[in-house]
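Asks: Going line by line, the protein sequences match chains A and B. Here my numbering is used: the first residue of the first sequence is 64, the next is one more, and so on. Here my numbering is used: the first residue of the second sequence is 442, the next is one more, and so on.
I should point out that these hints are in silico values taken from the structure, not numbers from a laboratory. Quantities reported herein were computed from a predicted structural model and do not represent experimental measurements. Any given hint might turn out to be false.
Take a look, some chain A residues computed to stay more than 10 angstroms from chain B by CB distance [to be verified]: (1) 79; (2) 107; (3) 108; (4) 146; (5) 163; (6) 196; (7) 233; (8) 236; (9) 249; (10) 263; (11) 285; (12) 298; (13) 318; (14) 319.
Covered stretches of chain B, as calculated for chain A (at least 3 residues, CB under 8 angstroms) [as the list claims (entries may be wrong)]: (15) 452 to 459; (16) 520 to 527; (17) 530 to 541.
Each computed DSBU-like pair below joins lysine-lysine, with the alpha-carbon atoms no more than 35 angstroms apart [said to hold, decoys possible]: (18) B:447 to A:70; (19) A:71 to B:447; (20) B:563 to B:447.
Glycine included, every Cβ here is placed at the ideal spot set by N, Cα and C.
Chain by chain, the residues run as shown.
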Amino acid sequence: MASRVPKKPADSLREYYRGIAGGLLFSVPLLYTMEVWWSGFLAQPLRLLAGIGATFVLLLGYNRFAGLHEDASFAEVAIDSVEELGIGLVLSALVLYLTGQIGPEVPFDETVGKIVVEGLVVAIGVSVGTAQLGAGERERGTNVREGVRVSLTSDLVLGMCGAVLLAANVAPTDEIRMIAAEAGAARLLGLSVFSMALGSLVLHHSEFSGSERLSDRLRFGHRIDSAVTYALALAVSAALLWFFGRFDTAGFSMIVSQTVVLALPAVIGAAAGRLLLA
Amino acid sequence: MIRPEKNPLEWGVFVAGLALSLGTMGILAWDAATNGDKPPVLSVVLGSARAVGSGYEVPVTVRNTGGETAEAVRVEVVGTDGRRAELEFEFVPRGSSREGTVFIPNDPTREAVSARVVSFRKP
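One chain only, chain A, in its complex shape (with noise of 0.2 angstroms):
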């Protein structure tokens, strides 16, 4: 371990470069979004800093269990999320520039709000699309991917960012208010039946790539393992709403109808996750 030998300046520089195309793959839509930029001045500074908290634990969280090679110490895996979280935040603000909503006539606290709110989520992109795009360092066996820690947090772990990166395009919108408001309890009742069906179907009944390995390792039957996916989309997508202030003013039966709308994508994106991002 003391002899690994650091990587050519040239080879990490392609790793920056995969992580900006998935930075960018996963966050386009985001960026995109008038609403988010309306959260990055809406939001207090408290709540942002929580959210780069947050962010920084997933990243930490997904460097160590897909990320880096097995053996990684915990400084690397710090390092890299540090450097991802950079260039997350670097990436938000070049893109923000670029389609005009940050510049010298933009005050300066709601220029860093929009890179911060936007840049969370390019980070976790950014992360995902290091380890996940590249192609050629499985072969060479550099990355030691084969003998994953499975484990119940790298699941979780993994499906929580499977689940922010699917759900945080559309958290933000008025579009979940609205089908929340208007929907009704019956056709949100079914909605939530409706999800955690999908979930189960992505995770158990699709072989999608992935899936033998994870009933390897299921110490629960196929159906609680779906509930409990479920039960993850909805923490997260609780969580995002709570971040772009979505339930600042709401009232019980709307933080819970949000919720269920929002964990449609959350549990598509967690159980994706659990399976891909590994």
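Dock chain B against chain A, hints included.
Replies: Quick look at chain B alone, frame taken from chain A:
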């Protein structure tokens, strides 16, 4: 702890990323400490008028010096003859200002024109 092996490029990206992340968090923490949850405080300033066609255009600037963003800010501009013009700003974020223009028929350089914020929403 074993020192992780990194090439200079990676160290560079790491140091830049660290500075950027910590800097951002510092700004946010400072912002939270100084602004808190103060409600929006809005003020309107009229710029100097310019003659166009049969009337005049008057630039309007709304500034929010409070700690929260104001949504749907409606501003009313009234001349001495009672004629009024109104404009609405979708958002005026905290610490920000937004600009617009109203058109009025009478000459604002000779007659008194006043402006006020009529209403805003909490987002």
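Asks: None of the hints should be skipped; say for each whether it holds.
Replies: Status of the hints after comparison with the structure:
1. 79: Violated: least Cβ distance 7 angstroms, not greater than 10 angstroms.
2. 107: 7 angstroms, violated
3. 108: 4 angstroms, violated
4. 146: 5 angstroms, violated
5. 163: 15 angstroms, holds
6. 196: 18 angstroms, holds
7. 233: 19 angstroms, holds
8. 236: With a cut-off of 10 angstroms, residue 236 of chain A remains clear of chain B, as the shortest Cβ separation is near 15 angstroms.
9. 249: With a cut-off of 10 angstroms, residue 249 of chain A remains clear of chain B, as the shortest Cβ separation is near 31 angstroms.
10. 263: Holds, because the least Cβ-Cβ distance between residue 263 of chain A and chain B comes to about 38 angstroms, which exceeds 10 angstroms.
11. 285: 40 angstroms, holds
12. 298: 24 angstroms, holds
13. 318: 17 angstroms, holds
14. 319: 22 angstroms, holds
15. 452 to 459: Holds, because 5 residues of the segment 452 to 459 of chain B bring their Cβ atoms closer than 8 angstroms to Cβ atoms of chain A.
16. 520 to 527: Coverage by chain A is violated for the segment 520 to 527 of chain B (0 residues, Cβ < 8 angstroms).
17. 530 to 541: holds (count 6)
18. B:447 to A:70: Holds: residue 447 of chain B and residue 70 of chain A sit about 7 angstroms apart, inside 35 angstroms.
19. A:71 to B:447: 9 angstroms, holds
20. B:563 to B:447: Distance of about 49 angstroms is beyond 35 angstroms: violated.
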